[in-house]
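Asker: Spelled out from the first residue to the last, the chains are:
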Amino acid sequence: MAQPQTLFDKIWQSHLVEAQDDGITLLYIDRHLLHEVLSPQAFEGLRLAGRKVRRPDATLAVADHNVPTTDRRLGIADPESRLQVETLSINCDDFGVPIFDMLDPRQGIVHVIGPEQGFTLPGTTVVCCDSHTATHGAFGALAFGIGTSEGEHVLATQTLRTSQPKNMRVLVDDPLPPGCTGKDLILAIIGQLGTAGGTGYIIEYAGRAFRDLSMEGRMTVSNMTIEAGARAGLMEPDEKTFAYLKGRPMAPQGAQWEAAVAYWKTLKSDAGAVYDHEVRINAANIAPQVTWGTSPEDVVPITGVVPDPKDVSTEAKRTAMRRALDYMGLVPGTKMTDIPVDNVFIGSCTNSRIEDLRAAADIVRGKTVASQVEAMVSPGSSLIKQQAEAEGLDKIFIEAGFQWRESGCSMCLGMNPDRVAPGKRCASTSNRNFEGRQGRDARTHLVSPAMAAAAAITGRLTDVRELAG
Amino acid sequence: MEKFIKLSGVAAPMDMINIDTDMIIPKLHLRTIKRTGLGKVVFDELRFHTDGSEKPEFILNQKPYRDANILIAGDNFGCGSSREHAPWALLDFGIRCIISTSFADIFYNNCFKNGILPITVSQEELDILMADASDPENPVLTVDLETMEITRPQGSMIRFRIDDFRRDCLLNGLDDIGLTLQKVDKIDAFEAAQRQQQPWLYPSAV
Chain C
0 MAQPQTLFDK IWQSHLVEAQ DDGITLLYID RHLLHEVLSP QAFEGLRLAG RKVRRPDATL
60 AVADHNVPTT DRRLGIADPE SRLQVETLSI NCDDFGVPIF DMLDPRQGIV HVIGPEQGFT
120 LPGTTVVCCD SHTATHGAFG ALAFGIGTSE GEHVLATQTL RTSQPKNMRV LVDDPLPPGC
180 TGKDLILAII GQLGTAGGTG YIIEYAGRAF RDLSMEGRMT VSNMTIEAGA RAGLMEPDEK
240 TFAYLKGRPM APQGAQWEAA VAYWKTLKSD AGAVYDHEVR INAANIAPQV TWGTSPEDVV
300 PITGVVPDPK DVSTEAKRTA MRRALDYMGL VPGTKMTDIP VDNVFIGSCT NSRIEDLRAA
360 ADIVRGKTVA SQVEAMVSPG SSLIKQQAEA EGLDKIFIEA GFQWRESGCS MCLGMNPDRV
420 APGKRCASTS NRNFEGRQGR DARTHLVSPA MAAAAAITGR LTDVRELAG
Chain P
0 MEKFIKLSGV AAPMDMINID TDMIIPKLHL RTIKRTGLGK VVFDELRFHT DGSEKPEFIL
60 NQKPYRDANI LIAGDNFGCG SSREHAPWAL LDFGIRCIIS TSFADIFYNN CFKNGILPIT
120 VSQEELDILM ADASDPENPV LTVDLETMEI TRPQGSMIRF RIDDFRRDCL LNGLDDIGLT
180 LQKVDKIDAF EAAQRQQQPW LYPSAV
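Taken in order, these protein sequences are the chains called C and P. Just so you know, numbering that gives the first Met the number 0 puts 353 at position 354 of the first sequence, and the rest follows in order with no gaps. Just so you know, numbering that gives the first Met the number 0 puts 31 at position 32 of the second sequence, and the rest follows in order with no gaps.
Errors might be hidden in some of the hints.
No farther apart than 20 Å at their CA atoms in a straight line, the calculated lysine-lysine pairs in the PhoX-like style are these [unchecked claim]:
| no. | chain 1 | residue 1 | chain 2 | residue 2 |
| --- | --- | --- | --- | --- |
| 1 | C | Lys165 | C | Lys239 |
| 2 | C | Lys366 | C | Lys394 |
| 3 | P | Lys62 | P | Lys39 |
| 4 | C | Lys366 | C | Lys334 |
| 5 | P | Lys185 | C | Lys51 |
| 6 | P | Lys182 | C | Lys51 |
FRET-style restraints, in silico, Cβ to Cβ [to be verified]:
| no. | chain 1 | residue 1 | chain 2 | residue 2 | range |
| --- | --- | --- | --- | --- | --- |
| 7 | C | Thr86 | P | Val183 | 55 to 65 Å |
| 8 | P | Pro63 | C | Arg321 | 39 to 49 Å |
| 9 | P | Ala130 | C | Gln385 | 54 to 64 Å |
| 10 | P | Glu145 | C | Ala242 | 55 to 65 Å |
| 11 | C | Arg207 | P | Lys5 | 54 to 64 Å |
| 12 | C | Gly22 | P | Glu1 | 21 to 31 Å |
| 13 | P | Lys5 | C | Asp307 | 38 to 48 Å |
| 14 | C | Ala1 | P | Asp134 | 57 to 67 Å |
| 15 | P | Asn60 | C | Gly22 | 55 to 65 Å |
Hints were generated in silico from the structure; no laboratory data involved. Idealized CB from N, CA, C, for every residue including glycine.
All chains, please: the whole structure from these sequences, using the hints.
Answerer: Next comes the structure, spelled out in structure tokens:
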């Protein structure tokens with residue numbers, strides 16, 4: 000009998016074009032996503048060398064980072080943002096790459112539209128010049144972010160030169176408590192591993208807590224794998240995965256579908272397969288999570304307090320913590336639920352899918368946004384926006400005082416005009432609370448969609464379990 | 000890509016952990032379609048006030064570190080976004096070598112594509128180099144990729160390791176797309192086999 004293999008081993012080995020003696024692998028890439036920010040220099044490189052795109056049929060581009068979330072028929076005001084979006088269109092035209100431009104009804108955040116269109120499929124290798132490519136691992140795809148030079152390499156050769164990462168399994172075998180979501184689970188995992196805990200690894204998520212999640216919840220978990228330093232997250236595809244993909248425009252159809260599902264069902268880690276590292280986490284201890292600092296590992300339960308630098312072990316960590324507290328304008332010992340917020344952002348490739356919007360709308364329904372809070376929702380794609388409107392979610396948000404916007408990366412990183420003002424504090428469903436991430440001197444607290452909605456209503460960080468009763 | 004063989008220059012100490020790519024190059028500077036010109040805004044928000052004036056306390060605004068071409072930094076350097084603008088901006092400023100106890104994976108790979116050498120050392124070695132770099136009178140280190148040695152200001156050596164393929168590419172300034180395209184027969188063969196087994200991955204053929 001063959002040696003037991005992990006899911007990662009199976010995908011990795013089925014994509015080897017060549018394994019060199021020095022440990023470098025030429026890995027075949029099945030799916031390549033592009034957006035306007037990190038691709039222009041890759042196309043420029045192709046042009047300078049007189050090269051073409053090897054597989055335009057395996058490539059898909061979308062404008063998401065720079066696009067306004069207000070009326071798009073007015074175009075893009077900022078000349079640099081406009082040039083970048085126009086450059087993507089020109090590059091895609093010149094090289095024959097399919098593109099969803101800003102006004103396309105299928106436009107959206109690159110990591111939302113890949114799965115939504117069925118472009119992302121189990122057992123594939125997926126890359127994009129974007130660190131949150133980890134998202135697609137929720138489908139049992141080996142998906143990771145690459146740099147622009149590597150993107151150029153993939154465009155030209157459909158392969159990537161890379162070395163084999165180590166393989167970590169994070170096992171959470173008990174169910175998540177009520178009020179906790181995929182976001183709370185992944186924040187708790189990052190808190191435990193640290194932002195460099197996954198460096199050099201991919202992470203396979205296994206156990207009931209992940210199986211119980213919807214595809215949306217699984218995408219949220221896999222998306223933030225990079226915040227633990229691991230380039231890719233990975234989950235076994237199952238009936239939920241197949242049900243999500245069935246009938247999507249770019250998913251296989253008919254007899255091809257049956258053949259594909261038969262193959263996808265083999266994509267499981269074998270019993271007895273060996274991992275380089277294993278971590279077991281008990282879900283029962285997880286409460287809704289919120290970050291206090293400027294790294295995603297700076298996370299506490301909403302029932303907790305702002306931590307004290309004197310309680311940490313190393314001088315480097317103490318220094319980083321003091322700096323983070325100073326930036327965030329927080330005092331050790333403050334109850335998290337006593338921290339007021341100025342902004343609420345529901346959106347980003349982490350938490351902007353229909354389930355996220357439904358969860359937030361459930362909290363908001365019939366209530367009003369606190370008077371000092373500016374709150375907005377940016378759905379993950381134009382199709383999600385359409386679906387939410389068909390369900391009447393837009394009305395719930397608008398009546399409560401939220402702004403209901405178009406889709407894009409928006410206030411997650413503020414490349415478009417959606418930014419948090421200096422010194423202002425934002426409860427955000429996005430993925431990074433780095434200094435300056437949502438705007439210069441902006442202060443970010445990462446939370447789930449329901450927690451963000453609760454903060455919008457009360458005007459402070461809030462335990463959603465109390466609000467939901 | 001410019002070759003990296005041996006570099007002698009001013010090392011700037013940045014004694015912070017988790018220096019992320021948003022710090023190295025804030026998002027507003029990602030709205031460029033070029034690789035060059037980002038050196039003037041590297042570490043923008045740490046380096047300049049909103050009115051554009053320099054923050055004198057920031058290390059790269061101080062003599063002799065304005066001319067640094069080596070950075071000594073705390074753990075997990077380059078975490079966060081995959082933006083290659085981070086190594087482009089560092090390179091454009093003049094940084095050719097970064098020494099830390101660990102690097103985020105994507106940033107680490109991006110360095111090699113741009114002729115920057117990221118060196119991983121132990122915490123003890125980092126502490127020594129951080130102290131060396133913190134002496135403004137003589138913060139000069141020499142990094143030799145051929146012998147894989149860092150020479151400290153007073154002459155003693157610290158050894159480091161880099162995998163052979165990456166070292167070879169840096170030493171020779173190789174374009175790896177050109178190398179891969181020499182293997183196009185293998186890529187063709189892979190695709191032919193995969194197309195048989197998983198035809199749904201080839202939508203144009205379905």
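Asker: Look at the Cβ atoms of P/Pro63 and C/Arg321 and judge whether their distance stays inside 39 to 49 Å.
Answerer: At roughly 28 Å between Cβ atoms, C/Arg321 and P/Pro63 fall outside 39 to 49 Å, so the hint is violated.
Asker: Keeping to a limit of 20 Å between CA atoms, is the pair of C/Lys165 and C/Lys239 held or broken?
Answerer: At roughly 27 Å apart (the allowed maximum being 20 Å), C/Lys239 and C/Lys165 break the hint.
Asker: Do the beta carbons of C/Arg207 and P/Lys5 sit within 54 to 64 Å of each other?
Answerer: holds (55 Å)
Asker: Compare the distance between the alpha carbons of P/Lys182 and C/Lys51 with 20 Å, and conclude whether the hinted pair is satisfied.
Answerer: holds (16 Å)
Asker: Note whether the CB distance of P/Asn60 and C/Gly22 lies within 55 to 65 Å or breaks it.
Answerer: With Cβ atoms ~41 Å apart, the hint is violated.
Asker: CB of P/Ala130 to CB of C/Gln385, is that within 54 to 64 Å?
Answerer: holds (60 Å)
Asker: Lying within 55 to 65 Å: is that true of the beta-carbon distance P/Glu145 to C/Ala242?
Answerer: holds (57 Å)
Asker: Range first: 21 to 31 Å. Now tell me if the beta carbons of C/Gly22 and P/Glu1 are that far apart.
Answerer: With Cβ atoms ~25 Å apart, the hint holds.
Asker: Has the hinted range 55 to 65 Å been met by the Cβ atoms of C/Thr86 and P/Val183?
Answerer: violated (28 Å)
Asker: Starting from the hint 57 to 67 Å, judge whether the C-beta atoms of C/Ala1 and P/Asp134 obey it.
Answerer: With a Cβ separation near 58 Å, C/Ala1 and P/Asp134 satisfy 57 to 67 Å, so the hint holds.
Asker: For a C-alpha distance cap of 20 Å, please report whether C/Lys366 and C/Lys334 respect it.
Answerer: This hinted pair is violated, its Cα atoms lying about 24 Å apart.
Asker: Can you confirm whether the C-alpha distance between P/Lys185 and C/Lys51 stays at or below 20 Å?
Answerer: holds (18 Å)
In summary, the structure is inconsistent with hints 1, 4, 7, 8, 15 from the numbered list given earlier, while agreeing with the others.
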